[in-house]
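J.: Using the sequences plus the hints, can you model the full thing?
Here the sequence shown is numbered in the working numbering, starting from 1 and rising by one per residue.
Because the hints were derived from the structure by calculation, they are not lab data. Note that the Cβ used here is the ideal one computed from N, Cα and C, for glycine as well. Keep in mind that the hints are not guaranteed to be accurate.
Claimed, not checked - Label-pair restraints from in silico Cβ distances:
#1 S40 x R12: 18 to 28 Å
#2 K50 x M16: 37 to 47 Å
#3 E84 x K50: 55 to 65 Å
#4 R75 x T41: 49 to 59 Å
#5 E81 x Y47: 52 to 62 Å
#6 R90 x T56: 43 to 53 Å
What the hints assert, rightly or not - Once the Cα atoms are required to be at most 25 Å apart in a straight line, the calculated DMTMM-like pairs of lysine to aspartate or glutamate come out as:
#7 K42 x E31
#8 K78 x D95
#9 K42 x D7
#10 K78 x D94
#11 K50 x E31
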Amino acid sequence: MSAFRSDPIDRRRLNMRDRRDLDKGGGYASERREDRAVRSTKGAIDYNAKQQENTTPQTPGTGGMTQGLSIQQERQRKMGEAKERAQSFRPDMDDTMYDIYD
Numbered sequence: 001m002s003a004f005r006s007d008p009i010d011r012r013r014l015n016m017r018d019r020r021d022l023d024k025g026g027g028y029a030s031e032r033r034e035d036r037a038v039r040s041t042k043g044a045i046d047y048n049a050k051q052q053e054n055t056t057p058q059t060p061g062t063g064g065m066t067q068g069l070s071i072q073q074e075r076q077r078k079m080g081e082a083k084e085r086a087q088s089f090r091p092d093m094d095d096t097m098y099d100i101y102d
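T.: And the structure:
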């Protein structure tokens, strides 16, 4: 963390009087709080930077499905017309099979 502040003081090596003096005058608690805030913010930024970007295209509203219905209807209409056209080219068949018992 030396990039943000001076190196922290190792309080384990201080006697009780020096620790008390450090707590009173040096703003030790606020420095530790600011240090934690900087670390947590930097950690959150780094974590979000590593997240995979959402690559699925998203459209607002209905998701773009309103055009799909009309396209499907048009496609079905064309398929029906093609089927009718194909049947019109076929020759008429005699139904002699049903006339044998008359």
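J.: A separate judgement is required for each hint: does it hold in the structure or not?
T.: So, going through the hints one by one against the coordinates:
The supplied range of 18 to 28 Å is met by S40 and R12, whose beta-carbon atoms lie about 24 Å from each other. A hinted range of 37 to 47 Å holds for the C-beta pair K50 and M16, which are about 44 Å apart. Remark: the range hint 55 to 65 Å for E84 to K50 is upheld by a beta-carbon distance near 59 Å. Taken as a hint, the range 49 to 59 Å holds for the pair R75 and T41, whose Cβ atoms sit roughly 54 Å apart.
Between E81 and Y47, the C-beta spacing of about 58 Å keeps the proposed range 52 to 62 Å intact. Separated by about 48 Å at the C-beta atoms, R90 and T56 satisfy the suggested range of 43 to 53 Å. Restraint check: the Cα-Cα separation between K42 and E31 comes to about 16 Å, which is no more than 25 Å; the hinted pair holds. Between the alpha carbons of K78 and D95 the distance comes to roughly 30 Å, so the proposed pair goes past 25 Å and is violated.
This hinted pair checks out: K42 and D7 have alpha carbons roughly 18 Å apart, not beyond 25 Å. Distance check on the hinted pair: K78 and D94 sit about 29 Å apart at the alpha-carbon level, beyond 25 Å; violated. With a C-alpha separation of about 29 Å, the suggested pairing of K50 with E31 is violated against the 25 Å cut-off.
This entry does not satisfy hints 8, 10 and 11, going by the numbered hints stated previously.
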